[in-house]
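Peer 1: Going down the list, the protein sequences come from chains A and B.
Under this note's numbering, read the first sequence as residues 875 to 970, first letter to last.
Under this note's numbering, read the second sequence as residues 60 to 553, first letter to last.
Treat the hints loosely; a few may be bogus.
[Said to hold, decoys possible] Partner residues are not named here, just some residues of chain B that face chain A (Cβ under 8 Å, in silico):
no.	residue
1	172
2	173
3	371
4	383
5	422
6	440
7	473
8	474
9	477
10	494
11	504
[Said to hold, decoys possible] The calculated lysine-lysine pairs, modelled on DSS-like cross-linking and capped at a C-alpha distance of 30 Å, are:
no.	chain 1	residue 1	chain 2	residue 2
12	A	915	B	473
13	B	507	B	439
14	B	473	A	899
15	B	120	A	915
[To be verified] Away from chain A, derived, C-beta distances all over 10 Å, residues of chain B:
no.	residue
16	96
17	367
18	370
19	382
20	396
21	397
22	419
No wet-lab data here; the hints were simulated from the structure.
Remember, it's a predicted structure, so these values are computed and weren't measured experimentally.
Even glycine gets a Cβ: it sits at the ideal position worked out from N, Cα and C.
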Amino acid sequence: MKEIGIEDVEHVAMLARLELSSEEKQTMTSHLRDILRYVEKLNELDTETVEPTAHILPVRNVARPDTLRPSLDPTEVLKNAPKRTGELFQVPRVVE
Amino acid sequence: MSLLEKNVFEIAEAIRAREVSVAEATRACLEAIERVEPAVRAYVSVDADGALRRAAELDAKLQAGETIGPLGGVPIAVKDNMVVRGGETTCASRILSGFISPYDATVVERVCAAGAVVLGKTNLDEFAMGSSTENSAVAPTRNPWDTERVPGGSSGGSAAAVAARLAFGAIGSDTGGSIRLPASFCGVTGLKPTYGRVSRYGLVAFASSLDQIGTLTRDVRDTALLLGVMAGHDPMDSTSVDEPVPDYLGALDGRDLAGLTIGMPVEYFGAGIEPETERAVRGAIDELRGLGAEVVEIGLPHLEYANAAYYIICTAEASSNLARYDGVRYGLRARDEDVLGMYQTSREAGFGPEVKRRILLGTYVLSAGYYDAYYLKALKVRTLIKQDFDKAFEKVDLIVAPVSPSTAFKIGEKVSDPLTMYLTDIYTISLNLAGLPGLSVPCGFDGKGLPAGLQLIGKPFAEATILKVGHAYQQATDWHTRVPPTAAVGNGGA
Chain A
875 MKEIGIEDVE HVAMLARLEL SSEEKQTMTS HLRDILRYVE KLNELDTETV
925 EPTAHILPVR NVARPDTLRP SLDPTEVLKN APKRTGELFQ VPRVVE
Chain B
60 MSLLEKNVFE IAEAIRAREV SVAEATRACL EAIERVEPAV RAYVSVDADG
110 ALRRAAELDA KLQAGETIGP LGGVPIAVKD NMVVRGGETT CASRILSGFI
160 SPYDATVVER VCAAGAVVLG KTNLDEFAMG SSTENSAVAP TRNPWDTERV
210 PGGSSGGSAA AVAARLAFGA IGSDTGGSIR LPASFCGVTG LKPTYGRVSR
260 YGLVAFASSL DQIGTLTRDV RDTALLLGVM AGHDPMDSTS VDEPVPDYLG
310 ALDGRDLAGL TIGMPVEYFG AGIEPETERA VRGAIDELRG LGAEVVEIGL
360 PHLEYANAAY YIICTAEASS NLARYDGVRY GLRARDEDVL GMYQTSREAG
410 FGPEVKRRIL LGTYVLSAGY YDAYYLKALK VRTLIKQDFD KAFEKVDLIV
460 APVSPSTAFK IGEKVSDPLT MYLTDIYTIS LNLAGLPGLS VPCGFDGKGL
510 PAGLQLIGKP FAEATILKVG HAYQQATDWH TRVPPTAAVG NGGA
């Protein structure tokens, strides 16, 4: 597989909404390259017929009765908001 | 004898017998923190006023003849990635600085309902990502056995607090070894329970298919006591399992291990382990044999692939979990003229280098064109690792191994080389991939006077078995009673 380059790091940084400095881009590229070289080790194993395990427990679709219960106190929750207007979170304009 | 020499079990007993008040026990810890904390830096925050208020309430209940629970009046510490209502939870990250939780984590609620007093929040690698507690945005925690060395991570603050007698016990979390490794480096007892045994409601998510909450204590009896309080189904965590909680304290029945078969994986004693650590672990295995257990060699052939699979899976899950830090509802918001800029600048300013590295790697392995080659491949290898354990457990009741290939390393030694740091977790990671419980108990010291740890690995939900064996071992040895040079008791204090 093609080795990771600085343009790949720029691409994933954009996907992950991280604005990296040019120095960070350099170090991250070199660290990620080392780590990805190391994980290539997995290709020594033939896994053609192996089922993936995303989760160790055999639980599926845990449901509960749809009953009313108190939610967190909005006043307390909103105390953590970086910006708020009354009972709302305030964010920059999204649509013109 | 200083109050601080008592363990959880003993201080609870002394409080119940009204020999010691809750306020006295709490003040002893706060005074110890005042004195020793500058050398150790185990805590991110200490809530002295809250702890003393709570102590007074509990003392009043005792005065009125009420019972206050199995942990009645015991001061403990909580890793700062679990929320305590009304106090700050930072995950040792700038991005959560100032975050005040509007609710209690289920484990916090349970230990408090059982009478515990929360002293404060302990230090960790930012978002529990690390093996040394050096990735904390606050300061690195220091190892009480040698303050030039790391305490292990990521629950390094919890382990150091218990070792230095700055709390009677502590709660931690373990995603790839984050309880067991610091327990081993600090000479305390650490348990990562089975995945699903303890509710994670109120634990800040890192890698959801691997994270589990557990304990750091002075001995196995304390572990059993705390686990009994913390374990069990919680409707607020759909991955907590509705299995009955056995009587863990009742499972600790002396030191006879006759009838138990213990597996010793040959792969754990290969190249890479320090000779002195290997000697300590082999000595411990001989001790278990002496107590009547039968020890047989087993194979876990996919062990060498565990780290590679783990660092794909955990970073993939982390990249998704940490998407929530967007500067909208809580945490740091940097520039906010436009939405994209708000996300990017807040996350750039808020996360430290290791967290960014893991988010980038996780995003990469999940991205178009790489998903099958990395993420899906890692999930398949996870199946092979789990099958290794399933097969081994057909023949043995539990497995023994080292916790780490070495004792505590120096602060700064591995921090610039992420891959070397990742390999510190080589013996602990496979348990998280397979969801198994693991107990770390002190099993000796190297020539530098640093503790080594023995890892006891159980079948799913068989915590009682590994606790029984760990307890038997501690009945026969005294490694767990040793006090580090930087501690609030012994050697004239710090």
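Peer 1: If a hint holds in the structure, say so; if it doesn't, say that too.
Peer 2: Results of checking the hints against the structure:
1. 172: Violated, about 19 Å.
2. 173: Check failed: Cβ of residue 173 (chain B) comes no nearer than 24 Å to chain A, outside 8 Å.
3. 371: holds, 6 Å
4. 383: violated, 11 Å
5. 422: holds, 4 Å
6. 440: holds, 5 Å
7. 473: violated, 13 Å
8. 474: violated, 12 Å
9. 477: Interface hint status for residue 477 (chain B): holds (5 Å vs cutoff 8 Å).
10. 494: holds, 3 Å
11. 504: This interface hint is violated because 32 Å lies over the 8 Å limit.
12. A:915 to B:473: holds, 22 Å
13. B:507 to B:439: Answer violated: residue 507 (chain B) to residue 439 (chain B) is near 41 Å, above 30 Å.
14. B:473 to A:899: Answer holds: residue 473 (chain B) to residue 899 (chain A) is near 21 Å, not above 30 Å.
15. B:120 to A:915: violated, 60 Å
16. 96: holds, 27 Å
17. 367: violated, 4 Å
18. 370: violated, 6 Å
19. 382: Since the minimum Cβ distance to chain A is about 8 Å, residue 382 (chain B) lies within 10 Å and the statement is violated.
20. 396: violated, 6 Å
21. 397: violated, 5 Å
22. 419: Violated: least Cβ distance 5 Å, not greater than 10 Å.
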